[in-house]
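Visitor: Here is how the chains run, residue by residue.
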Amino acid sequence: MKAFSQLLEKLYYEPATSAKERLLLDYFATTPDPDRGFAVAIIGGSLSLPNFKRGMVLDLIRARVDPQLLAMSHDYVGELSETVAHLWPTPAIPPNDPELPPLHEVVAGLRHTPKARLPDYVAGLLDRMTSPERWALLKIGAGALRIGVSARLLKQVLAKYGNQPIERIETLWHGVDPPYEALFAWLERRAEAPVVHERLTFTPVMLAHPLEEKDYGLIVPETYVAEWKYDGIRVQCVKSAIGRALFTRTGDDISGSFPDALEHLNFHAVLDGELLVQRGIELGSFNDLQQRLGRKSPSGKLMADYPATMTVYDVLMLEGEDVRPLPYESRRELLQGALHKYQPVGISLSPQIPWHEFSQLEEARASVDNLSVIEGLMLKRRDSAYVAGRPTGPWYKWKINPKLVDAVLMYAQRGSGRRSSFYSDFTFGLWRDGELLPIGKAYFGFTDAELVELDKWVRHHTLKTFGPVREVRKELVFEVAFDAVHRSTRHKSGYALRFPRISRIRWDKPASEADHLTALERLMG
Amino acid sequence: MHPRDWIEVRPHGVYCKVGDFYIDPMQPVERAVVTHGHADHARAGHGHVWATEATLAIMRARYGETHYLMTENPLAYGEAIEIGGVRVSLHPAGHILGSAQARLEHAGASIVFSGDYKRRPDPTCAPFEPVPCDVFVTEATFALPVFRHPPLEDEIARLLISLAQFPERCHLIGVYALGKCQGMIRALRAAGYGETIYLHGAMQKLCELYESFGIALGTLELVTPENARTLAGKIVLCPPSALQDRWSRKLPDVLTAAASGWMRIRARARQKGVELPLVVSDHADWDELTQTLVDVGAPEVWVTHGRDDALVYYAQQHGFKAQALHLLGYEDDSE
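Chains as they are written, first to last, in UniProt numbering: chain Z, 1 to 525; chain Y, 1 to 335.
Bear in mind the hints are in silico, worked out from the structure with no lab data behind them.
Every residue gets a Cβ at the ideal spot worked out from N, C-alpha and C, and that includes glycine.
A hint or two may mislead.
Claimed, not checked - Footprint (simulated), chain Y over chain Z, 3 or more residues, beta carbon under 8 Å:
#, stretch
1, 10 to 23
2, 62 to 68
3, 76 to 82
To be verified - Where chain Z lies over chain Y, by a calculated footprint (3+ residues, C-beta under 8 Å):
#, stretch
4, 264 to 272
5, 312 to 319
Given these sequences and hints, build the entire structure.
Guide: The structure is reproduced here in structure tokens:
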């Protein structure tokens, strides 16, 4: 546990990816099984600890620290794990065994201790730990490390460790379990590669580059076909002899959240497509899809009201054969044939948009309705093989232009994580009858220098403070970009924005010249 | 007479109405009592200045021989004088060389301004002395229970381990030029580090001043364009502002460290691009602040710059009469 805590600490503070790689390689080389495998599982986010809940941590700290001081500390630090790590008091009676157990014992303890006894087990560990060790333990429990090591980077390091291509790691990844002893044995050439064919595995997906104006000339009808770009959830649907599974584009298994979508697939295949919900005979909007997002086990009523469907656009495996090396057009024919043969309910083929002049694509893109589930066009090379990652050229995405309004900053809130000491979370509004009504909230889109300047501005223009929120003078204008606007009864303004972000700070523009609420009505299109 | 009737907060800082003088004023004033030499407490251009001999020496080193317009008046710790009918004395605060608390007494009531202080032993200055009084005015820079500074020796050990682990990297440490710099050097010497320590030019004058007060710092050398490239595996001290400055680019394979109480908060360390955060502070941490309220034993506590809300709350919970004294202008980050 000590070595792992030191690793997390170093990874957290190390800004360079190459140095993070070195730290991980050193750790793998010097740490025995099964500790290193559990470290991989923790960093890669594939260890589930269902009983380790935020509420449990809160109860533990509330029993030890004055609630007001806890609240002030949490507000200042901005993150619960770190707050608790710092606040945890030294126990009055020193623990019997001051040594910390190895990581695999801690993991076993967190997994197998009965729920009722888990708080005592965790408290017993925290009593024996330094503040950085407590932070590591609480981050393991919270499940989100935020140490700047992506699942992708982790796989790259494993590939480097065993001198294997990354694709092999990615293919094996969803077929092996923590603590990955078989994987390490293979990487260290002590054993053959783990056998994974009898499992439902995720196949890395192909991604598109945004189409830039300089590349418009490449897009000719002999080479590229056009499809709509959907604003749902990119999914990979798998069926084999042993069952079905639904993965996100990053390989997370979401079968449990969308059992209705999954059961539609009635032939052995790996399909690439978009998960959407149906409203009557129409496709639902993103707003409708949101009713289903984040529900780990949806109720029957929810599934009846918002049934999940799939619009598929590619096939990777068909009836046991890897078809990825075939050109796009051949894969599409195979997909069309299979859908025709098996007639699955709730799975439809993404239609192609006929075109012979570039201007027709521009028209199609301009025609996208504000409220639909389409957010632009996809352009795919007819001869392109299905390649994992984001190769340049074979696939382009061409999203619709964002809509813009000039809104006035109303409230600012401190961010979390890296931005915990900055006011970096902003609520803005538009005018109606001389009064500002809030229309949305956004965080990102600033350089660090702008963030500092904005933070200063907020501190010097505060009218009132409500905990972490400050109401500011209505004097600063933001140019706000968003993908769509729809009516909402939940907001006082009557509108809700889809994916709002602050595109520019208009230091130059007086607040009185910001937009009126009627501007949104015009953008509803 | 209760101090609230003869002390007030003005835009320039805390003002004693009866004696017509300020304590640590932010702007030039007629009469100023200065607790210590940090720039946000000691400004140039006052008419008459009262401070310890060391603080006056620091002000002269920073602002020149004529940092005052009329007189400068050195006060020994414990020595009392009268300013406009108010009895004023200075007492050790343990913050940096020359740092003092200011005790004011008038019409049977006394008030002590702590200035900045810490309670841990520091070989570069006299230790904090609890001074009995009716009202204790305390700083609150680290007044949240998340701030518990680890033992200095542990942080120095971490630095030395890193130096052994990465002998090819120049360890560049951001430290406040006055106090923290000399405190770190003394702590490194105490841990047995005998090698030359390299300095950014901004540190030189103050290190010489500390040595002139009998605080030995060992072999120090300035970083120059000639020696910069040879400093792999060495310790270099610079002001925090120079860490990400062009100045540091000529140093070989820099490992960025910073020594400050703020380094306890991860996001803050990462925001500043610090790879090796060292939690070393010249301010009292939460445990020291709360212990000091007990040690001083004043029935009434006023809390100045920092996280005053938590300390006021704590003091009230523990039977003190407490309120925040809202002072603007003292820097959060000045350490």
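Visitor: Each hint: holds or not?
Guide: Structure-based check of all given hints:
A count of 4 residues in the stretch 10 to 23 of chain Z with a Cβ less than 8 Å from any Cβ of chain Y is obtained; the coverage claim is therefore met, three being the minimum. Given as covered by chain Y, the stretch 62 to 68 of chain Z passes the check, having 3 residues with a CB less than 8 Å from a CB of that chain where 3 are the minimum. Figure legend: the stretch 76 to 82 of chain Z, annotated as covered by chain Y; annotation consistent (5 residues with Cβ-Cβ distances under 8 Å, at least 3 required). Remark: the stretch 264 to 272 of chain Y is confirmed as covered by chain Z, as 8 of its residues place a Cβ nearer than 8 Å to a Cβ of that chain, reaching the required three.
Beta-carbon proximity to chain Z at under 8 Å applies to 3 residues in the stretch 312 to 319 of chain Y; the threshold of 3 is reached and the given coverage holds.
Hint check: no violations occur; every hint is consistent with the structure.
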